[in-house]
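**Student:** The residues making up each chain are set out below.
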Amino acid sequence: MSVAAHARWRRRALLAPAGLLLAAAFVGPLLLVASFSVLEPGLYGGVEWHWYPYNFGRVLGAPLGDVEEFDAAYATTLARSVKLALLVTLVSVAVCYPAAWWVSRLPPRRRALALFVVTLPFFANLIVRVYAWMLILRPTGVLNLVLAALGAGDAATDLMYTEAAVVIGLVYVLLPFMFLPLYASIEKLDPALLAASRDLGATPAQTFVRVALPLTLPGIVGGAAIVFIPALGNFVVPSLLGGSKVMLAGNLIEQQFLAARNWPFGAALAMLLLAFVLVVMLAAAWRRGTRGAVA
Amino acid sequence: MAASVLLSITGATRRFRTPEGGSVHALDAVDLDVRGNEFLTLLGPSGCGKTTLLKAIAGFEDLDAGDIRLDGASLRDVPAHRRPFNTVFQSYALFPHLSVADNVGYGLDVARVPRAERDRRVAEALARVGLEAMGRRAPRQLSGGQQQRVALARALVNRPRLLLLDEPLSALDRHLRQAMQGELKALQHDVGITFLVVTHDQEEALAMSDRIAVMHAGRVRQLGTPAEIYDTPVDRFVAGFVGASNLVRGTWRSTAHGGGCVTTPAGIDIHAEGVASIANGATVDALLRPEQLSPIADGAGAAGPTLAATVASTVFVGPDVHLHAHLADGTPLQALLRHARGQALPFAVGARVVLAYRPAAVHVIAAQAT
Ligand SMILES: Nc1ncnc2c1ncn2[C@@H]1O[C@H](COP(=O)(O)OP(=O)(O)O)[C@@H](O)[C@H]1O
Ligand SMILES: [Mg+2]
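Line by line, the protein sequences are chains H and Z. Residue numbers for the first sequence follow the numbering used here, beginning at 1 and rising by one. Residue numbers for the second sequence follow the numbering used here, beginning at 1 and rising by one.
Quick caveat, the hints were computed from the structure, so don't treat them as lab data. It is possible that part of the hints are untrue.
Unchecked claim - With the C-beta cut set under 8 Å, the calculated list includes, among others, these residues of chain H facing chain Z:
1. E187
2. L189
3. D190
4. A192
5. L193
6. A196
7. R198
8. G201
9. Q206
10. V209
11. A212
12. L215
To be verified - Far from chain H, some chain Z residues (derived; all Cβ distances over 10 Å):
13. A73
14. A80
15. N86
16. G107
17. V129
18. R219
19. F237
20. G318
21. L336
From the three backbone atoms N, C-alpha and C, an ideal C-beta is built for every residue, glycine too.
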């Protein structure tokens with residue numbers, strides 16, 4: 001066997017475990033859900049195995065021919081999910097960027113400690129951590145106690161079961177996923193480049209916009225992707241902090257699969273969400289590709 | 001002709017905490033005047049404060065005491081981006097996300113120079129460093145030497161009052177470094193901008209500079225032309241740092257008209273001329289540059305004074321042969337011999353050798369108390 005052939009086989013062997021796992025645990029179920037989405041719901045749950053394109057019509061309406069069961073509430077829920085997921089992403093960037101910058105400028109030992117602190121939430125159960133936020137946000141919760149103690153009792157609010165509560169909860173849960181890619185790109189930013197920019201007459205603000213931001217953009221895009229996508233599909237946080245008042249795509253899908261036992265419609269909703277995410281990701285990748293060609 | 005002072009540094013002091021809890025004087029009351037349109041080099045060993053001084057001038061480092069004035073006005077409250085200086089960073093610090101032309105145009109862009117003028121000046125600056133064809137490339141697609149030229153163009157295009165260069169040649173290989181020494185000097189002459197260059201390489205400093213400031217432990221030990229620094233160093237440190245040197249300690253006995261001799265404890269005399277203001281009986285160091293010592297095999301035909309020595313080793317380096325010898329009391333001395341093709345070296349290890357010198361070539365340095 002030639003050296004090249006040998007290397008080829010070794011590469012295949014290295015990829016085999018991940019490839020098999022992806023095929024079994026990702027591609028298989030995905031194909032199953034995709035096929036469910038075009039099957040007829042069974043009367044008592046399950047599916048009838050014949051072609052039935054009308055699940056999508058309930059969300060998208062007339063173009064797909066099922067005017068009868070169309071309900072704008074589904075599209076509204078998906079749109080609200082996109083809006084809140086975007087908001088969560090923006091808040092996460094705004095919170096994490098300065099923090100990651102600060103951590104990246106610490107001396108090495110304190111930097112390691114700070115990074116450990118960032119990953120600390122992973123050590124506690126997700127549900128427990130979200131319940132803690134209920135204790136903070138409810139009318140008799142910590143937030144209002146603190147406001148009262150500060151003499152700002154008038155400002156007391158009931159944030160439970162609002163969009164704000166859901167955004168707070170999602171930001172909290174997803175923060176480390178934004179922080180780590182941001183930190184990785186900011187840490188690689190050479191301070192000499194910032195000095196060079198200042199030296200050439202740029203103000204600190206100009207330096208940030210013209211040098212720091214473009215060079216840390218990969219971290220921002222990476223962090224945004226891995227915060228936006230789970231925020232879009234998450235159903236634990238909206239069901240605990242949003243209740244029935246703030247229904248998001250994740251809750252809707254969960255409801256169809258578990259409560260309504262309408263698997264095909266749940267599958268159709270899931271496919272719509274997936275299609276949306278894919279379009280956004282491909283657009284981002286394409287933009288990066290065209291700009292990468294200049295440099 | 002008294003050249004005008006551009007930048008005046010007075011009492012510049014900067015201390016840093018060390019990790020051990022002590023403090024280090026990176027700058028210790030530095031006084032230095034930088035003149036208009038000169039090529040001034042800060043020369044000193046690693047850690048002597050050169051970069052700190054450059055950063056203080058550029059506005060990236062505060063001073064604990066002292067002041068830096070431009071045309072007589074203090075720069076204390078002027079932030080880095082408003083100082084009319086530009087820096088060529090040791091690592092070049094080219095922006096990796098911008099093309100070569102956009103790197104060069106950066107300063108003009110932030111100053112909102114109109115597009116047409118900006119493009120013209122960028123093209124001009126790139127042409128000046130011989131990179132007119134490289135404007136569209138990314139910095140990483142250039143060699144180290146080319147990247148440095150981009151860094152130079154990026155700084156010069158802004159027509160700074162003062163160009164600061166931190167170890168500009170240290171990342172280049174030997175051949176390129178020597179070629180760039182000449183180019184930097186020529187460039188400075190062409191553009192008429194003051195260059196303040198930091199280096200730890202004394203040959204480089206001697207080759208490029210109009211004046212050299214030799215630094216040691218946060219202080220400027222001597223400021224002068226390359227010839228002044230080389231021929232008449234003010235102390236042992238400067239003498240030892242710049243060029244190869246033989247320093248022989250002894251006691252000064254003056255005769256008439258600045259002449260006299262340095263006598264070592266072992267009673268060896270070294271004659272000197274043109275020595276001013278050293279008290280009789282003072283402890284001094286006699287500096288004899290290796291090229292001022294002429295080795296003679298049998299001592300015959302020496303016109304002036306001589307030193308008797310024993311050959312310890314000879315090292316052939318191409319154009320020259322370094323002859324290492326020692327005096328009767330063990331003091332090591334180095335002498336330089338021109339290599340003559342086809343002639344065997346007349347000095348065997350262990351052989352006696354006579355080293356002839358001219359008293360006018362001996363420089364006498366008063367030894368410091370410290
Ligand atoms: N930011 C800093 N913190 C602590 N010590 C520093 C800092 N910058 C420089 N020093 C110390 O100051 C001294 C001078 O440094 P520097 O100006 O970089 O020297 P050079 O450029 O001549 O090699 C060194 O002892 C160095 O360790
Ligand atoms: Mg330095």
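**Student:** Are the hints correct? Go through all of them and say.
**Tutor:** Hint check:
1. A distance limit of 8 Å between C-beta atoms decides the matter here; for E187 (chain H) the minimum to chain Z is near 15 Å, and the interface restraint is violated.
2. For L189 (chain H), the interface hint is violated, since its Cβ never comes within 8 Å of a Cβ in chain Z; the closest pair sits about 10 Å apart.
3. With 8 Å as the threshold, the beta carbon of D190 (chain H) comes within range of chain Z, its nearest partner Cβ sitting at about 7 Å, so the hint holds.
4. For A192 (chain H), the interface hint holds, since its Cβ comes within 8 Å of a Cβ in chain Z; the closest pair sits about 4 Å apart.
5. The interface hint given for L193 (chain H) holds, since its Cβ lies 5 Å from the closest Cβ of chain Z, which is under the 8 Å cut-off.
6. With its C-beta approaching chain Z no nearer than about 4 Å, A196 (chain H) sits inside the 8 Å limit, and its interface hint holds.
7. Among the interface hints, the one on R198 (chain H) holds; its C-beta lies about 5 Å from the nearest C-beta in chain Z, closer than the 8 Å criterion.
8. Contact between G201 (chain H) and chain Z, as hinted, is supported at the beta carbon level, the nearest pair being about 5 Å apart and thus within 8 Å.
9. Residue-level restraint check for Q206 (chain H) holds (minimum Cβ-Cβ distance to chain Z is 5 Å; threshold 8 Å).
10. Given hint, V209 (chain H) at the interface with chain Z, is violated; its Cβ is 10 Å from that chain's nearest Cβ, farther than 8 Å.
11. Among the interface hints, the one on A212 (chain H) is violated; its C-beta lies about 11 Å from the nearest C-beta in chain Z, farther than the 8 Å criterion.
12. For L215 (chain H), the shortest C-beta to C-beta distance to chain Z is roughly 6 Å, which falls under 8 Å, so the interface hint holds.
13. The claim that A73 (chain Z) is not at the interface with chain H holds, since no C-beta of that chain comes within 10 Å of its own (minimum 18 Å).
14. A beta-carbon of chain H comes within 10 Å of the beta-carbon of A80 (chain Z); the shortest separation is about 5 Å.
15. A beta-carbon of chain H is positioned within 10 Å of the beta-carbon of N86 (chain Z); the least distance is around 6 Å.
16. Consistency note on G107 (chain Z): stated as away from chain H, yet its beta-carbon is not over 10 Å from all of that chain's, at 4 Å minimum.
17. The beta carbon of V129 (chain Z) is kept farther than 10 Å from every beta carbon of chain H, the shortest such distance being approximately 16 Å.
18. No Cβ of chain H approaches the Cβ of R219 (chain Z) within 10 Å, the least distance being about 26 Å, so the stated non-interface status holds.
19. With a cut of 10 Å on Cβ distances, F237 (chain Z) stays outside the contact zone with chain H, its closest approach being about 31 Å.
20. No beta-carbon of chain H is positioned within 10 Å of the beta-carbon of G318 (chain Z); the least distance is around 38 Å.
21. At roughly 41 Å from the closest C-beta of chain H, the C-beta of L336 (chain Z) stays outside 10 Å, upholding its exclusion from the interface.
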